[in-house]
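Asker: So you can see what is in the structure, the chains are spelled out below.
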Amino acid sequence: MGEGDADAQLMLRYAAGDARAFDELYATYRPGLWRFIRRLVQDAAATDDVFQECWSRVIAHRENYRPEARFATWLYRIAHNCCMDHWRKSGRRGTHETTDDEAVAAAADPTDTDPLAAALDSEAAGRLAAALERLPDEQRAAFLLYVEGGLSVAEIGVTTGVNAETAKSRLRYAVARLKQALGSAAPD
Amino acid sequence: MERREDETPFPREPWQKLLADAADGPPETTDARIRAAARRDLAPRGRRWWLPASLAASFVLAVMIVQSQFGTIRRAPMTESDRTGGEAMQARIIDREAGPESREEGRSPDVAAPLRKAPARPAVEPEDYGYPEEESGSDEAGAAPLVSGPEHEVRAASELPAESAPAGPPAAAPAAAADGAQAPPRPPEAWYAEILELRAAGRSEEAERELERLRQAWPGWLEQRAENLKKEERR
Numbered sequence: 001m002g003e004g005d006a007d008a009q010l011m012l013r014y015a016a017g018d019a020r021a022f023d024e025l026y027a028t029y030r031p032g033l034w035r036f037i038r039r040l041v042q043d044a045a046a047t048d049d050v051f052q053e054c055w056s057r058v059i060a061h062r063e064n065y066r067p068e069a070r071f072a073t074w075l076y077r078i079a080h081n082c083c084m085d086h087w088r089k090s091g092r093r094g095t096h097e098t099t100d101d102e103a104v105a106a107a108a109d110p111t112d113t114d115p116l117a118a119a120l121d122s123e124a125a126g127r128l129a130a131a132l133e134r135l136p137d138e139q140r141a142a143f144l145l146y147v148e149g150g151l152s153v154a155e156i157g158v159t160t161g162v163n164a165e166t167a168k169s170r171l172r173y174a175v176a177r178l179k180q181a182l183g184s185a186a187p188d
Numbered sequence: 001m002e003r004r005e006d007e008t009p010f011p012r013e014p015w016q017k018l019l020a021d022a023a024d025g026p027p028e029t030t031d032a033r034i035r036a037a038a039r040r041d042l043a044p045r046g047r048r049w050w051l052p053a054s055l056a057a058s059f060v061l062a063v064m065i066v067q068s069q070f071g072t073i074r075r076a077p078m079t080e081s082d083r084t085g086g087e088a089m090q091a092r093i094i095d096r097e098a099g100p101e102s103r104e105e106g107r108s109p110d111v112a113a114p115l116r117k118a119p120a121r122p123a124v125e126p127e128d129y130g131y132p133e134e135e136s137g138s139d140e141a142g143a144a145p146l147v148s149g150p151e152h153e154v155r156a157a158s159e160l161p162a163e164s165a166p167a168g169p170p171a172a173a174p175a176a177a178a179d180g181a182q183a184p185p186r187p188p189e190a191w192y193a194e195i196l197e198l199r200a201a202g203r204s205e206e207a208e209r210e211l212e213r214l215r216q217a218w219p220g221w222l223e224q225r226a227e228n229l230k231k232e233e234r235r
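Sequences listed follow chains A and B, in order. The opening position of the first sequence corresponds to residue 1 in the working numbering, with each subsequent residue numbered one higher. The opening position of the second sequence corresponds to residue 1 in the working numbering, with each subsequent residue numbered one higher.
Chain B with its partners taken away, still in its complex shape (with noise of 0.2 Å):
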């Protein structure tokens, strides 16, 4: 009864009578700007998940791209422009190693650069660091080092005779050593002395074989000479 009472101390009825004719409503302009307004804030629900999606989509091509981008660089090929420029750049080093002595006046570097060509060597892919099997067989075999790479060439050219070293390029000395499989080069003074040796014996045809072998196991050597003879002379 009590509960009953709190809940309704008095009828509503007769009070919302008079307080229903005392009072007028809304205008319609009203009536019709909260509905517009309950219409129009249920319309965009349609399309608030595009702007996460879309920027959610932006940001799923851009991380794509990027990895793409970075795909590309990592894997991308060594050209051939690349490996020649490694070369050139081993033969500068050769070049600043041996000295300014073993540069010659006014030749362009194109002239000079097939004195200081590192001998031939298999292109070896990026990743694979070890040198060729045949190399690493014949140091164990104890043979004369077979020079692949810059600092066995610059070994190789410091343990040439002292005479000898200006006049012959460290690099011909690896090709001597990768054309001779058997026996080291000898000294290509020594060499050429015997040859014209030959020659004064009238063996000329002895003397053209000695001569295009020493060519072939110390590649420039002779025009070294040849220069090297021009300068004195000039002298």
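Isolated chain A, as found in the complex (with noise of 0.2 Å):
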């Protein structure tokens, strides 16, 4: 599945000792991944710890890696697992056990956070970030999985641990209160 896939081959490059090959994935997924842990552990400081293990991991089981999926899933598996094991370290579970109804029903609740009132105190991309925050876990996870990874619904599912029905769910949930935060600032 993954044989085709160039950064697959990158990484099979950098499994037999090419260190270039590495910088290579590195500058392709180094922004992505970035953005989607900061996103995710939604902790500054923590980031860039799980930053550096993710990408260790990525090190240490170079040559554990079969190009048997996308490169990218692999990665972002891995960086899931690494933002899992951070909350699981730092006890923070709270909107994690928000299940996608209750969710959905609060993005809709009149007494939560005014988003027309969010968007006219800052820029489309802040209020986008304070909306993502808002998400629960799963939800973001799902939504940064396939915006920053780029990884399809059942990527996704493969990569949370979930069917891919309910990537697919939590995606659509995750959506919407986005586009219910942003309001008419919100991408078609």
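Do not take every clue at face value.
Among the chain B residues that face chain A by a calculated CB cut under 7 Å, a handful are [what the hints assert, rightly or not]:
#1 P26
#2 A53
#3 V63
#4 I65
#5 V66
#6 R186
#7 E189
Okay, the calculated bits of chain A under chain B, using three or more residues with CB under 8 Å as the criterion [stated by the list, open to error]:
#8 10 to 23
#9 65 to 77
Non-contacting residues of chain A with respect to chain B, defined by C-beta distances greater than 10 Å in every case (computed) [claimed, not checked]:
#10 D5
#11 T28
#12 R39
#13 W87
#14 L128
Simulated from the structure, these hints should not be mistaken for laboratory data. None of these values were measured; they are calculated from a predicted model. Glycine included, each C-beta is placed from N, C-alpha and C at the ideal position.
Taking the hints as your guide, dock the two standalone chains into a single complex.
Answerer: Written out as structure tokens, the structure reads:
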């Protein structure tokens, strides 16, 4: 499956001892992975640690890498696991326990932060960041894996350990809530 | 169509733009650290085979040293001291079997050694446990047993007359048997009595020859007899 993936080939080259292949991979995935981790962890100080831990695992497991899936799927699965480990260590599991239906209900709650007022106070990007922070962890992970990681719905399911239907549902709820938060600034 | 929707439920690009604007990247130190770690992890790969290789080489060397040591011990040739040590042990066994009367008072083991000395025996290699051909041939011919081992020596001594046993050391018999090829030697007492008769008859030359033969057939017997006479005189 990942045989034709150029990044998978780079990873294989790195596993064979080519350091330049790693540089190429790192340059490709560095910004997206950083944003994914930062948005998911929601802790500026911890982001750097999780980011480094993620790449350390990539380096350490390079010899075990098999191009059975796209490299991005493998990388973001590691990143997602690193974030989960961070949550476990820090004991932060509050919004992680929230179900998707509860999240949608919360997004529709008029007592929640007024999306229009937030939009007036900051740029659209800032509002998106704020809206992302309020998303349940599962939905946020699904959204970030889709947007930042470029993973398909099925790959999101594999990465997060759920079936494709659940992954799709989480993604749909996440987008609905973000659009609601962004209002007119939300992409179509 | 449905499948396509599963792959991309909504376009990513606008959302990616918004996210990219809002988020920064990792610090340069983090970049440098990760890249260095990636290179550092590759670098020791060349050295990895040295550890098992050096361990294997050490093991092989140790095995070779042990093998060479054991091989040397197994193939160590028998030295002269080993042979003489064995003969001394045989003499000690004979001495013990003969009893305390056969030991001489005040004589050091070195002086007594010739009395107990086993007959000339060809040095037999440790691997060769058989007897020389002439010995076995004599046994078959029905001649007196040509003793060459301690058991035969003890047996020969026990077959001597009672009065001659203390005077003549048991180890002397084999020498006599070995030297006198055709006939077994006479008992030394009778032989010595004949020599005395020859002397008394004035046949001193013949007596001297017989004495020499007696000395050769029963080495040490004359000395032993002289010692016994001295003892008797002291008493």
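Asker: Taking the hints in turn, state whether each one holds.
Answerer: Taking the hints in turn, this is what the structure says about them:
1. With a cut of 7 Å, the hint placing B/P26 at the interface with chain A holds, because the nearest CB-to-CB distance is about 5 Å.
2. The closest approach between the C-beta of B/A53 and any C-beta of chain A is roughly 19 Å, which is over the 7 Å cut-off, so the hint fails.
3. With a least beta-carbon distance of about 32 Å to chain A, the hint placing B/V63 at the interface is violated under the 7 Å criterion.
4. Evaluation of the B/I65 hint against chain A yields a violated restraint, the C-beta minimum of about 37 Å exceeding 7 Å.
5. At a threshold of 7 Å, the smallest CB-CB gap from B/V66 to chain A is about 37 Å, leaving the interface hint violated.
6. Contact between B/R186 and chain A, as hinted, is not supported at the beta carbon level, the nearest pair being about 97 Å apart and thus beyond 7 Å.
7. Taken as an interface hint, B/E189 does not check out: its beta carbon lies about 98 Å from the nearest beta carbon of chain A, beyond 7 Å.
8. For the segment 10 to 23 of chain A, the assignment as covered by chain B holds, since 5 residues bring a beta-carbon within under 8 Å of that chain's beta-carbons and 3 suffice.
9. Requiring three or more residues with a Cβ within less than 8 Å of a Cβ of chain B, the coverage given for the segment 65 to 77 of chain A is violated, as only 0 such residues are present.
10. Distance to chain B confirms A/D5 as a non-interface residue, since its nearest Cβ pair spans about 16 Å, more than 10 Å.
11. Annotated as non-interface, A/T28 keeps its C-beta farther than 10 Å from every C-beta of chain B; the closest such distance is 13 Å.
12. Consistency note on A/R39: stated as away from chain B, yet its beta-carbon is not over 10 Å from all of that chain's, at 7 Å minimum.
13. Here A/W87 stays apart from chain B, with its beta-carbon at least about 20 Å from theirs, past the 10 Å limit.
14. Once the 10 Å rule is applied to beta carbons, A/L128 is inconsistent with being away from chain B; the minimum gap is 5 Å.
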